[in-house]
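Construct the entire structure; sequences and hints are all you get.
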Amino acid sequence: MWSFSNIAGSIQNWLNQTFSPTWSLVMQMIIAGIAVISLFAVLGLILVLMERKVSAWMQIRLGPNRVGPKGILQTFADTLKLLVKEGLTPAGADKLLFNLAPVLALVVGMLLMAPIAFAKDFQLWNLNIGVLYVSAVSSIMVISILMAGWASNNKYSLMGAMRSGAQIVSYELSAGLSILTIVVLCGSLNIPDIIYSQADGWWIFKGHIPAIISFVIFIIAVTAETNRAPFDLAEAESELTAGFHTEYSGMKFALFFLAEYVNVFIVCAIGATLFLGGWMPFHIGQWQSFNHVMDYIPSSIWFFGKTFFLIFLIMWFRWTFPRLRIDQLLNLEWKYLLPISMINLLLVTVIAILGWHF
Amino acid sequence: MTGATIIFYLLAALTIVSGLLAVTTRMIFRAAIYLLFCLIGIAGIYFWLQYQFIAAVQIVVYVGGIVVLIIFSIFLTQQAGEKLPKQNLGRQLFSVLAVFCGLALALVQLAQYEFVITDGKPVEPTVANIGKQMLGVDNGGYALPFEIVSILLLAALVGCIVIALKSNTETA
Amino acid sequence: MTEQQNKTIDFPGKIEEIPGGGIVLSKLDDIINWARSNSLWPLTFATSCCGIEMMATASAKYDFSRFGFEVARASPRQADVIIIAGTIVNKMGPVLKRLYDQMADPKYVIAMGACAISGGPFFYNTYSVVKGADHIIPVDVYVAGCPPRPEALLHALISLQQKIKAGKTREQIRAGKEST
Amino acid sequence: MFIVKYIKNIFKGVKSLLVGMRRTGYYFTHHKEIITQQYPDNKETLNLPERFKGEVVLIHDENNEHACTGCTACELACPNATIKIVTKFDITAEGKKKKALDKFVYHLELCTMCNLCIIACPTDAIKMDQTFEHSVFDRKELTKILNKPGSKIRDGVE
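Listed in order, the protein sequences are those of chains A, B, C and D.
Residue numbers for the first sequence follow our numbering, so the first one is 895 and each next one is one higher.
Residue numbers for the second sequence follow our numbering, so the first one is 165 and each next one is one higher.
Residue numbers for the third sequence follow our numbering, so the first one is 1262 and each next one is one higher.
Residue numbers for the fourth sequence follow our numbering, so the first one is 82 and each next one is one higher.
Hints are computed from structural coordinates only; laboratory data are not their basis.
Any given hint could be a false lead.
[What the hints assert, rightly or not] Dumping the calculated SDA-like pairs for lysine to any residue here, alpha-carbon to alpha-carbon at most 20 Å:
1. D:Lys-124 to A:Ala-985
2. A:Lys-1229 to A:Ile-1107
3. D:Lys-184 to D:Ala-148
4. A:Lys-1049 to B:Met-191
5. D:Lys-178 to D:Lys-124
6. A:Lys-1049 to C:Gln-1363
7. C:Lys-1288 to A:Thr-973
8. C:Lys-1358 to C:Pro-1399
9. C:Lys-1368 to C:Ala-1317
10. D:Lys-179 to D:Lys-221
11. C:Lys-1429 to D:Lys-179
12. A:Lys-1229 to B:Ile-325
13. A:Lys-1049 to A:Ala-985
14. A:Lys-989 to B:Ile-192
15. D:Lys-124 to C:Ile-1292
Printed below as a string of structure tokens:
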């Protein structure tokens, strides 16, 4: 049957036969790089259009419908415009860091793509510690924001960056704890292991109520970690003009924009992997015939379907809830999410030790 | 020269160059950023060695925690945007000398040490193994040092709280 | 509906038929102008009552996001068009100039309402109002009214789109008007 | 009870969030609720309120005649000098000199559509029109001369 892993395998075989090991490694790196970059571009185009349409429909508007058929060329026009727009560097800015920050944001996004399983047995890098890797590398993201805020030499940027730093550092805790609940349940940090452990049902169904609680906490925490409304204090227009990217224009701004959407995609992919079984089709325990029917849908469609469902959920939050104040934000994390997720982790550990999960 | 060697030298160059820049730059925020790249380079070397867990911990602790802490403290400092004053020649010479002494010491140690090829097969650095080693009480377990380190951290936490507590007499 | 939408597909260039399909040929300048005209991000700059009408244009009933004007930016660095919606007093003049200078090229200006065009109700008997925003920054499109309807602002934005697509400067357009 | 209040808080918060999400979810799935009017396409069916005022026009009949005597009542009534009446002297059939309208200059860029000129006009020569598409690339184009070329005053209007 047609699948991503077969294609990847045959390409690798062909490269290994044709070239020396070093050259075949280089070729594989180049292919992977091009694939990731094109995925970035496609994701940026699709997610921005999706956001605009979702926001429009939720606000009983029409949304972009005039640029191209049904507005599908809208983001293409935006991208092209941002490409040819002037990229300013303010005179008082720290030029090196100012120009490095958006690139760093994008590179972090690219690094995060590595351990994600896009389809059955299809990964760029099968890491032993996949989930830990993602939560580790995503913490570099905050540095690029702090860098952008500092280097802009603008008080709004600096304040936005500090807010964003406080927010990301604190919400990383509860995101990590809710990831840990699933790690405790399946006993591995490896992403394929986690997915295969869900072959007879996804963790959100198998793990009773604690899994659902940790799913909710995970979604809230990653919404805050990606700086999206209702947690977009880092770029609160009413107070901080545009937060840490106030001084960015043209393509540098577009890179930040893109990095935000790619980050949303990545955290949703991780959420789908942990709680909704990644590329694993919808299986119910021992119902062999039902499971067999579900297997006919390709694994990549399952993965992207779940991921886009979670992305839609995060967009739904954004266009429904008003922005929090900074003290409310920290209250929510330290007084509600963190204690709840700690108790939840204890509960899950008890469940895992006693073997109550299915 | 294989691809792996090239990657090693690239990572090493990143680490050394950014480390040097971190101590020579006169802008304090840039120094923190160079330090960040230095730590990322070290994490990259861990990845290259297949010690993935340690690499991830390196990133979580140093990049996600310590560098962010340093940056925050720089943000809260007055006049952090200005260039630091130039150090006088004596200090510069002394620090260069100190660096060379340290380097020489390390090199001498490395040269004198006799590396023995062991027969035992390497321990798989999986997370499960690390966890068992770390919290094991049998032969080769590190439960006691682990607990002692955590007592140190607890003491530090208690100390923080004591410092942060306002005494009633002062406020009244 | 479909016919109308077909009309609005105005991607520049012509389709060259080749065996097995067709390819679109176009000038790069035309495509860039097309992209610029379809992605005019306004700056949220509202100094008085016209601002309310500008917000109404952004809201559900009139919805300028249909044309791609949607992403209202609070930072001048990221905006393409500044809609001067309201009175420009003498104290606001330098601020407006600075905002305009901070915008990244290409940048466009729409003067909305009587105050922004000429000082409007404050043209006489006021010492504190700038008699027209074009004394400070060059204006591309003037839309009269006090305040103009949201539809009038949409008309101004569509006029601006046509101007960008034509690829002409303010001077060229003015010269063309006078010669005809 | 602290714990009870804490848990109550959580449930109340989650419930209120779900109420909000239900509303937006309803709108997201019910596209017939969309109230957007597609402006350039609905020009013919555009329903403007009766009170909407777009610009001042001088009423001309089919003989290219208007009712303006050039009395400058509107010019005096205007609070911000939007109207400038330029008059000339016509020679009537009896050989008498008579004041008549030469140019009805109207500065649309200054006009605030306050309707005072319409009220002031003794002969109902001007009215408010409902056009609103006044966008121009040049400010000079907003200064209009309202009387059409060759028009003259209607007989019997004093």
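Hints, one by one, checked against the model:
{"no.": "1", "hint": "D:Lys-124 to A:Ala-985", "result": "violated (48 Å)"}
{"no.": "2", "hint": "A:Lys-1229 to A:Ile-1107", "result": "holds (16 Å)"}
{"no.": "3", "hint": "D:Lys-184 to D:Ala-148", "result": "holds (13 Å)"}
{"no.": "4", "hint": "A:Lys-1049 to B:Met-191", "result": "holds (19 Å)"}
{"no.": "5", "hint": "D:Lys-178 to D:Lys-124", "result": "violated (47 Å)"}
{"no.": "6", "hint": "A:Lys-1049 to C:Gln-1363", "result": "holds (16 Å)"}
{"no.": "7", "hint": "C:Lys-1288 to A:Thr-973", "result": "holds (18 Å)"}
{"no.": "8", "hint": "C:Lys-1358 to C:Pro-1399", "result": "holds (10 Å)"}
{"no.": "9", "hint": "C:Lys-1368 to C:Ala-1317", "result": "violated (23 Å)"}
{"no.": "10", "hint": "D:Lys-179 to D:Lys-221", "result": "violated (32 Å)"}
{"no.": "11", "hint": "C:Lys-1429 to D:Lys-179", "result": "violated (49 Å)"}
{"no.": "12", "hint": "A:Lys-1229 to B:Ile-325", "result": "holds (18 Å)"}
{"no.": "13", "hint": "A:Lys-1049 to A:Ala-985", "result": "holds (15 Å)"}
{"no.": "14", "hint": "A:Lys-989 to B:Ile-192", "result": "holds (15 Å)"}
{"no.": "15", "hint": "D:Lys-124 to C:Ile-1292", "result": "violated (29 Å)"}
In summary, the numbered hints that this structure violates are 1, 5, 9, 10, 11, 15.
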